[in-house]
Every structure is written in structure tokens, then in C-alpha cells.
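Please take these sequences and the hints and turn them into a complete structure.
So the protein lines, in turn, are chains A and B. Heads up: take any position in the first sequence, counting from 1, add 5, and you land on the numbering used here. Heads up: take any position in the second sequence, counting from 1, add 5, and you land on the numbering used here.
For the record, the hints were derived by calculation from the structure and aren't laboratory data. Every value quoted in this text rests on a predicted model; they were computed, and no experiment measured them. Honestly, I wouldn't trust all of these hints.
The list treats identical chains as one, so a pair stands whether inside a single copy or across any two.
Unchecked claim - Here are the computed lysine to aspartate or glutamate pairs in the DMTMM-like style, where the Cα-Cα straight-line distance is at most 20 Å:
| hint | residue 1 | residue 2 |
| --- | --- | --- |
| 1 | Lys37 | Asp125 |
| 2 | Lys37 | Asp132 |
| 3 | Lys44 | Asp25 |
| 4 | Lys37 | Glu47 |
2 protein chains.
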Amino acid sequence: MTHRSRLTAVLVDVPASDHDTAITFWSAALGKPANRVDKYPEYAFLGQATPGIEFMVQGTGDDGPRIHIDIESDDVEAEVARLTALGATEIGRHNSWVILRDPVGTVFCVVRVQVQDAFDAHATTWD
Amino acid sequence: MTHRSRLTAVLVDVPASDHDTAITFWSAALGKPANRVDKYPEYAFLGQATPGIEFMVQGTGDDGPRIHIDIESDDVEAEVARLTALGATEIGRHNSWVILRDPVGTVFCVVRVQVQDAFDAHATTWD
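Encoded structure:
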């Protein structure tokens with residue numbers, strides 16, 4: 006069985022109290038309108054900052070601010086297993102995604118395929 | 006006068022003592038060989054994680070780890086002026102790039118054009 010993965014998103018995470026400030030800034034900085042959806046009120050979606058890379062601003066309960074990246078995969082469990090074998094640590098699950106830390110402590114997530122055309126064109130295949 | 010800018014890079018910043026660990030992990034995680042150059046020993050260049058987005062692992066003297074993003078521009082000074090007018094704060098300069106914080110505190114940089122073909126195709130024009 007093979008699976009595939011690809012860097013798919015950059016997310017600016019800020020305390021919830023600073024969410025609107027961060028959304029306003031990054032929307033103007035990148036020239037992308039911010040979209041909110043009722044299902045995920047903690048996010049603002051700025052679309053693709055450059056083709057194939059989505060950009061989001063997330064209001065969190067954590068300390069912040071920080072930036073994290075999402076890796077999309079057609080097999081989230083296989084990708085998490087591959088990355089933990091490389092030294093990452095799973096630290097949580099939320100909806101369909103898995104939150105990990107790299108061996109130094111950097112937080113990132115593995116998510117389902119988000120940008121299908123870029124995934125099909127550019128994902129890396131893992132044996 | 007107009008200028009242009011575009012999201013061009015994602016950088017994982019780690020304490021210098023963890024640099025090799027982070028390079029090994031992210032090179033394997035993304036399936037990209039890490040290249041070092043004598044001029045910039047604090048960086049490892051993993052090429053384009055997906056077309057148009059360069060990925061680097063930086064050993065810093067800061068606390069870490071963190072991820073930061075680079076915005077490339079054909080006029081660094083004009084882009085810094087635009088972003089500071091939006092509420093960012095300049096916090097440093099290093100070689101040809103400028104280090105800023107967004108209004109919430111997220112660190113990012115404005116750099117010269119790094120990926121010319123993607124810049125030409127996808128940069129946003131600011132009046």
C-alpha cells in the first residue's frame with residue numbers, strides 16, 4: 006500500500022481575543038478576502054495565498070501567536086504513522102485531523118486532502 | 006508607483022542546538038533533500054515543498070521552535086511601508102530582508118523576490 010502527502014496550508018494561530026485583529030491584518034496583507042463558515046467559527050479562510058497553499062487565521066485557546074502548517078494526505082493514519090516513525094509525536098485529534106509535534110517541538114497537523122488538484126499534481130508518494 | 010508581493014516561503018526556526026535534528030526530520034517528512042550553503046550556515050534549504058513555496062529549516066539564537074513565513078517583493082521598502090501602515094511593526098533587519106511582527110505578535114519577514122517564475126505569475130499588485 007502506498008499513500009501520498011503534500012504541504013497544503015499555512016495557519017496563523019492567535020488567542021481568540023485577537024482573532025479579528027489578525028484576520029483584518031492578514032486579509033489586507035495578502036489581499037485576500039476572509040471567509041467565515043458557521044461550522045468552523047474558530048477559523049477564517051483566506052483562500053489560496055499562492056496556488057496550492059491555503060491560508061487561514063485561527064482563533065485558539067492556546068497561548069500564541071504562532072504559525073503552523075498542515076500536511077494533507079489521502080491516508081491520514083498512514084501519514085501519521087510515517088511521521089511518528091520519523092520522530093514526531095501525536096499530541097491530539099480534532100474532527101478528522103491529527104495534531105503532532107516534530108522532534109524539536111514544532112506543532113503541525115495532518116489533514117485529509119484539501120486542495121485536490123494540487124494534491125493530484127504535486128503530492129509525494131510514500132511506499 | 007506600484008509594487009508586487011507574494012507568500013514565498015515557510016521556515017521552521019529552531020534553536021541552533023536542534024538544527025540537525027529538525028533538518029533530518031523535515032527533509033524526511035517532505036521527501037526533499039536538504040542543501041546547505043557556506044554563505045548562510047544557519048539555513049538548510051529543502052527546495053520547494055510544493056511549487057512556488059520554498060521550505061527552509063533555520064537554526065536561530067532565539068527561543069523556539071516556531072514557524073515563520075516570508076513575503077517576497079520587488080520593492081522591499083514599499084512592501085514594509087504598506088505592511089506597517091496596516092499595523093505591523095518592524096523589529097529588525099538582516100542582510101537584505103526585514104523582520105516584522107503582525108499586530109498580534111506573529112513574526113514574519115519581507116524579502117527580495119526568491120522564486121521569480123511564481124512571483125511573475127502569481128504576485129499581487131499594490132497601488
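Hints and how they fare:
1. Only between protomers do Lys37 and Asp125 lie at most 20 Å apart by alpha-carbon distance; the minimum there is 18 Å, versus 24 Å within a single protomer.
2. Within a single copy, Lys37 and Asp132 get their C-alpha atoms only as close as 37 Å, which misses the 20 Å cut-off; across copies the closest is 15 Å, which meets it.
3. Proximity of Lys44 and Asp25 under a CA criterion of 20 Å is satisfied intra-copy only: 18 Å inside one chain copy versus 40 Å between copies.
4. In this assembly of identical chains, Lys37 and Glu47 lie within 20 Å of each other by CA distance solely inside one copy; the values are 18 Å within and 32 Å between copies.
Comparing the model with each earlier hint shows no violations; every hint is respected.
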